[in-house]
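Novice: Residue numbers (this note's numbering), protein chains in the order written: chain V, 1 to 297; chain L, 1001 to 1301.
To be clear, the hints were calculated from the coordinates, so they are not data collected in a lab.
Cβ atoms here follow ideal geometry from the backbone N, Cα and C, with glycine treated the same way.
A couple of the hints might just be wrong.
Residues from chain V shown here face chain L by an in silico Cβ test under 10 Å; the list is partial [unchecked claim]:
(1) R41
(2) G85
(3) Y95
(4) L97
(5) W100
(6) H143
Taking lysine to any residue pairs in the SDA-like style, the calculated list, with each CA pair at most 25 Å apart, reads [unchecked claim]:
(7) V:K226 with V:E186
(8) L:K1214 with V:R224
(9) L:K1214 with L:H1137
(10) L:K1214 with V:H143
(11) L:K1214 with V:S146
(12) L:K1290 with V:R140
(13) V:K226 with V:L30
(14) L:K1290 with V:R101
(15) L:K1214 with V:Y161
(16) L:K1214 with L:T1273
(17) L:K1214 with L:S1293
(18) L:K1248 with L:Q1259
(19) L:K1214 with V:Q93
(20) L:K1214 with V:K254
(21) L:K1214 with V:R119
(22) L:K1214 with V:E162
(23) L:K1248 with L:G1092
(24) V:K226 with V:T179
(25) L:K1055 with L:T1273
(26) L:K1290 with V:S146
(27) L:K1055 with L:T1045
(28) L:K1214 with V:A122
(29) L:K1290 with V:W100
(30) L:K1248 with L:L1161
(31) L:K1290 with V:S244
(32) L:K1214 with V:L145
(33) V:K254 with V:S244
(34) L:K1055 with L:M1230
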Amino acid sequence: MNAKISLRHVRQEFAVRPAKGRQSIDSSPLVVLDDFNLDVRQGEFLTIVGPSGSGKTTLLDLLAGLTRPASGQVLVDGREVTGPGHDRAVVFQQYALFPWRTASTNVSIGLEGSGLNRRQRADKAREYLGLVGLSGFADRYPHELSGGMKQRVAIARSLAYEPDILLMDEPFAALDAQTREQLQDELRRIWTETGKTIVFITHGIDEAVYLGQRVAVLSSRPGRLKAIVDVDLGERDNVEDIRSTAQFADHRHKVWTLLRDEVQAAQAAGHRKVLPDGTAPDEAPAPQPTTAQRSAA
Amino acid sequence: MSTLTTPRPDQAATPGPAPLSGQDSPVSPTAASTRSTAPPALRRTVATAGSWLWKSAAIILFLALWEIGPTYLASASTRVFLPPLHEVLTAGADLIASGQLQTHIAASLTRSGAGFSIAVVLGISLGLVIAWYRPLHSFLNPLLELFRNTAALALLPVFTLLLGIGEESKITIVAFAAFFPVLLNTIAGVRTVDPLLVRAARSLGLGSLSLFWKVILPSAVPTIFTGIRMAGTSAILVLIAAEMVGAKAGLGYLITNAQSSFLIPQMYAGILTVSLLGLLVNILLVAAEKHFSRWRTSINA
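Next up, chain V with everything else stripped away, as it sits in the complex:
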């Protein structure tokens, strides 16, 4: 058994509160994940795609230990996850940097109280800011940085306390296309250099295929593991533009086909995103065209 992360029969449900001004949809709990099983290998780069409302973020919260499952087990190194820990780090889509701290002190916040003094923490922060290509930006505040730079700081922050596992929740979704591709390459480089286990959630099929060694496709709500696609793009170093190769297109199509049915199902059921606090601001009684369409297109 060499699974780094194991999810066993995980079920998660929310008591959905309708957003303000909406009538109650349904008082029964909303099952977001049901009988979910997944193993992630040590040192693996796993990407997860799924239609809107399939429980991707819920899954990541469970892995991070920010929430506990309603039933089933979440295991890391064979031990049950009971809360956040320094063996795991999370990178959020909206960066979640502390705006009153500089890049350097944002990166080192996870090291405070670990026995390192201020100077050692600053050295560590400089080291990891260098790793993400932000040497010389240590004293900048988040509002002085671009979106891509903010996300680099967030990645440095999550790496700084040297976790084994990096959990990433659509980290590049808010960035422009060029910055996104650049950061994708850098993330692959960091992964190769550090050997972390990475679980990367995305709604971009290209991104999932490009980054992942395996792509896990989730079903529409309640989320289950629908299929795992092994990605084998051959030797990457010698290929100029791997996204234009026939192999890439094959994998992309495979994932697209798996996802299409689920997106249609989610759309027909009118599924929307459920926020971590249990509100579903977009959830409407009548199905309306969803933005999930775009991820399949």
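Knowing the structure of chain V, use the given hints to seat chain L on it.
Specialist: Same frame as chain V, but now just chain L:
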């Protein structure tokens, strides 16, 4: 690069209105220098001076009206109750020369400073506790709403009865008036912390205590400072009114005393001092607020 250089000839062709509107439209110094023969530094100085002139025009007009109006437009009897500005300024200068004005300012500042400090310390510490413990908040909130909507001055007789007509009752009423803006803003600041930051902090392994000190408190600081600024304003307003009712010193006393002694220019000098003092306190607190919310500029911009 070409997008930067191509518009220049068009702009250079119409230099007429550009220097005038230079203050409103942000123009890079290089672009500006190509459009005008005047040195950029000089142009900027002129534009800044013009903008200051425009901004202070209303005040200058008001003061001019105050000076001219009573002399030429008002009847003789009105002129007694509304003396022109120069008489007021002369009376103010006399008050300063005799040291009276300084004494009154010191008395007022001591009282409002003491009450304000009590309010800030109590307001922030109680606010943090109330916001942190949800049940306490829902328990106390109705009472706080009731007190907040009670005009502080309505309680002046109560404080006078309980604490006498000395300093205690005045400091207490200032503290009462200044307490609620601080308290309510502290509560609001703590309760409106971005939940994403809390999630991030928890995922970084911060415990409850460090979450509070490192995330919740710093993110509430700008909101707390808004409360402190509001408290500073109301501390002065309430104090002046309280001093008008019963005191032996202070700016409020100066104003009512001058009125009952028929020293009308002195009365206006006192009022003018109150305005300037309030303005000064507000400027200082706004500066402090800005200093402590520097990191929020990107959100406000």
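Novice: Taking the hints in turn, state whether each one holds.
Specialist: Hint check results:
no.: 1; hint: R41; in the structure: violated, 22 Å
no.: 2; hint: G85; in the structure: holds, 7 Å
no.: 3; hint: Y95; in the structure: holds, 9 Å
no.: 4; hint: L97; in the structure: holds, 8 Å
no.: 5; hint: W100; in the structure: holds, 4 Å
no.: 6; hint: H143; in the structure: holds, 3 Å
no.: 7; hint: V:K226 with V:E186; in the structure: violated, 29 Å
no.: 8; hint: L:K1214 with V:R224; in the structure: violated, 38 Å
no.: 9; hint: L:K1214 with L:H1137; in the structure: holds, 22 Å
no.: 10; hint: L:K1214 with V:H143; in the structure: holds, 18 Å
no.: 11; hint: L:K1214 with V:S146; in the structure: holds, 24 Å
no.: 12; hint: L:K1290 with V:R140; in the structure: holds, 18 Å
no.: 13; hint: V:K226 with V:L30; in the structure: holds, 20 Å
no.: 14; hint: L:K1290 with V:R101; in the structure: holds, 16 Å
no.: 15; hint: L:K1214 with V:Y161; in the structure: holds, 17 Å
no.: 16; hint: L:K1214 with L:T1273; in the structure: violated, 42 Å
no.: 17; hint: L:K1214 with L:S1293; in the structure: holds, 15 Å
no.: 18; hint: L:K1248 with L:Q1259; in the structure: holds, 15 Å
no.: 19; hint: L:K1214 with V:Q93; in the structure: holds, 22 Å
no.: 20; hint: L:K1214 with V:K254; in the structure: violated, 46 Å
no.: 21; hint: L:K1214 with V:R119; in the structure: holds, 19 Å
no.: 22; hint: L:K1214 with V:E162; in the structure: holds, 21 Å
no.: 23; hint: L:K1248 with L:G1092; in the structure: holds, 19 Å
no.: 24; hint: V:K226 with V:T179; in the structure: violated, 31 Å
no.: 25; hint: L:K1055 with L:T1273; in the structure: holds, 22 Å
no.: 26; hint: L:K1290 with V:S146; in the structure: holds, 23 Å
no.: 27; hint: L:K1055 with L:T1045; in the structure: holds, 15 Å
no.: 28; hint: L:K1214 with V:A122; in the structure: holds, 17 Å
no.: 29; hint: L:K1290 with V:W100; in the structure: holds, 13 Å
no.: 30; hint: L:K1248 with L:L1161; in the structure: holds, 18 Å
no.: 31; hint: L:K1290 with V:S244; in the structure: violated, 51 Å
no.: 32; hint: L:K1214 with V:L145; in the structure: holds, 21 Å
no.: 33; hint: V:K254 with V:S244; in the structure: holds, 15 Å
no.: 34; hint: L:K1055 with L:M1230; in the structure: holds, 24 Å
Violated hints, listed in ascending order, are 1, 7, 8, 16, 20, 24, 31; each of the other numbered hints is respected by the structure.
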